[in-house]
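**Student:** Below, each chain spelled out in residue letters.
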Amino acid sequence: MSEIATDSPEGARAHARAQSGTVVDTMPVLPPSSASHWPGDVAVADRRWAETIAGGNYTALTVARGTLIEFTDLEGDACAHLALYNAWQIDERLNVADTIKVQWQAYPTTGQLLLSDRGRALASIVADSSAHHDTLAGTTNLAGNTARYGDGSPQSGSPAGRELLVLAAAKVGLSPRDIPPTLSFFQGVFAEPDGSLTFRGSAGAGAAVRIRAELPLIVLIANVPHPLDPRDDYVSTPLRLRAWAGEPGSAPSPETKVGPEAARAIANTIAYTELRGI
Amino acid sequence: MTDTAPVNVPAFIADHRILDDTIAAPRGPWSGIVHAGDNLTIIDLFGNQAVDCIVYDAHDTGIRYSAPDTIASQRNVYLTEGSVLRANTGAPLMTLVRDEVGRHDTIGGACSKESNSLRYGHHTVHQHACVENFLAEGARWGLGKRDLVSNINWYMNVPLEPSGVMGIVDGISAPGLSLTLRADRDVLVLISNCPQINNPCNGFDPTAVRMIVSSPLS
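Chains as they are written, first to last, in my numbering: chain A, 1 to 278; chain B, 1 to 218.
Just to be clear, a hint being listed does not mean it is correct.
[Said to hold, decoys possible] Here are the simulated DSBU-like cross-link-like pairs (lysine-lysine), alpha carbons at most 35 Å apart as the crow flies:
id, chain 1, residue 1, chain 2, residue 2
1, B, K113, A, K171
2, B, K145, B, K113
3, A, K171, B, K145
[Stated by the list, open to error] Some chain B residues near chain A, calculated using beta-carbon distances under 8 Å:
id, residue
4, A67
5, D69
6, G108
These aren't lab readings, by the way, just hints derived from the structure by calculation.
Note that the structure is a prediction, hence the values are computed from the model and not measured.
Don't be surprised by glycine CBs; every beta carbon is placed ideally from N, CA and C.
Based on the provided sequences and hints, a complete structural model is requested.
**Tutor:** Below, the structure is given as structure tokens:
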């Protein structure tokens with residue numbers, strides 16, 4: 001494979017260093033401003049993070065208030081399982097139940113807020129060309145993936161979402177106990193009138209969703225198949241992330257369809273940040 | 001409300017040894033250990049009550065009820081007779097072995113003082129809330145805010161419309177109806193006898209429920 005002899009430290013070092021500059025499709029790009037596919041209106045100075053997460057992999061980001069994060073389902077089989085935390089106060093985290101109950105809507109899309117149980121907006125969905133998202137079925141676990149695919153451990157060929165989120169959480173000092181029910185982008189589920197769930201799948205390759213951090217956030221993301229994906233094979237394709245600096249919301253997104261609850265959530269969030277002096 | 005509850009103990013309890021029999025007051029909490037194979041029966045004494053409930057593995061509280069794992073596993077958002085309450089690991093915690101109502105909620109979560117400020121307005125922040133009960137009762141077992149996760153709302157009616165619109169509406173329970181959960185492993189159960197007075201889940205008037213832990217004699 002390599003023509004460099006690695007039977008000495010010098011040789012091994014030369015071999016290792018020879019890999020420098022290798023570019024693959026799924027990796028972080030540094031500096032992020034040098035990455036491709038930035039939205040046209042993002043100034044070079046505002047570009048903060050660029051990474052493409054491989055299928056069956058994960059990342060953990062800590063982002064400033066106001067940061068915009070765009071997720072793109074490059075090939076149509078990404079599924080972004082998200083856990084969000086207030087980075088100032090990690091016992092405040094995404095509460096899927098409040099997110100749907102307070103806004104009277106179970107299928108998130110543009111204009112909807114992602115809420116904690118503290119009456120505050122953690123993030124806003126500010127753009128969405130997919131609308132195939134899920135707040136009901138969560139992510140996959142080791143037992144389920146082992147039964148379905150033969151293995152669900154993190155470094156297997158079919159890692160479970162929870163197993164990856166446990167690793168992502170550990171890297172920001174959180175334990176498995178801290179992982180809340182997650183929501184997922186890009187693989188939708190539909191509830192029939194009797195409550196039974198139908199898997200809708202994705203909106204296709206190229207769909208994107210953009211969220212804005214209304215508080216400083218820890219964002220854990222696992223890119224794994226949805227738990228109700230009916231296919232026998234473990235199908236998980238790359239998920240592109242771009243994050244750039246922006247301003248937090250001063251009011252609910254103008255696209256909002258969710259009424260006075262969202263206005264109070266943003267007002268609560270602003271009051272909290274101002275009281276904190278930030 | 002009256003303190004006199006309808007006497008409607010399910011017949012099967014005659015073949016059980018009663019381990020605990022407690023009235024959970026309106027707006028009150030309850031918690032207890034239910035050992036593997038034992039049953040927890042919740043009687044909706046006055047009807048239309050909502051009983052918020054979280055379940056933990058009694059020996060490892062990191063293993064706890066997960067609404068999404070339960071929903072994904074049974075491919076349905078409603079709980080009904082036969083539903084298995086699953087943990088975040090996918091493991092079964094309890095099974096709903098008897099249900100006289102037919103449908104219960106697992107997507108609506110618990111009310112908190114803060115989320116009530118969004119739902120109804122800031123005037124509700126100093127009213128009762130289920131998260132307060134969970135915090136107080138959880139603290140007795142060494143659990144804190146980080147341990148509160150998704151929960152079940154027994155007897156609460158939360159239709160989910162095809163448009164995605166969902167919300168808590170009038171209950172479908174009635175006085176004296178009950179349900180029974182069998183513990184599939186030793187579990188710790190926390191209950192908040194839903195305090196929220198601004199939604200129809202308990203007819204805007206929280207009422208008492210009866211909690212019976214029992215063990216089959218044979």
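**Student:** Each hint should be assessed against the structure and marked as holding or not.
**Tutor:** Hint-by-hint comparison with the structure:
| no. | hint | result |
| --- | --- | --- |
| 1 | K113/B with K171/A | 32 Å, holds |
| 2 | K145/B with K113/B | 14 Å, holds |
| 3 | K171/A with K145/B | 21 Å, holds |
| 4 | A67 | 6 Å, holds |
| 5 | D69 | 6 Å, holds |
| 6 | G108 | 5 Å, holds |
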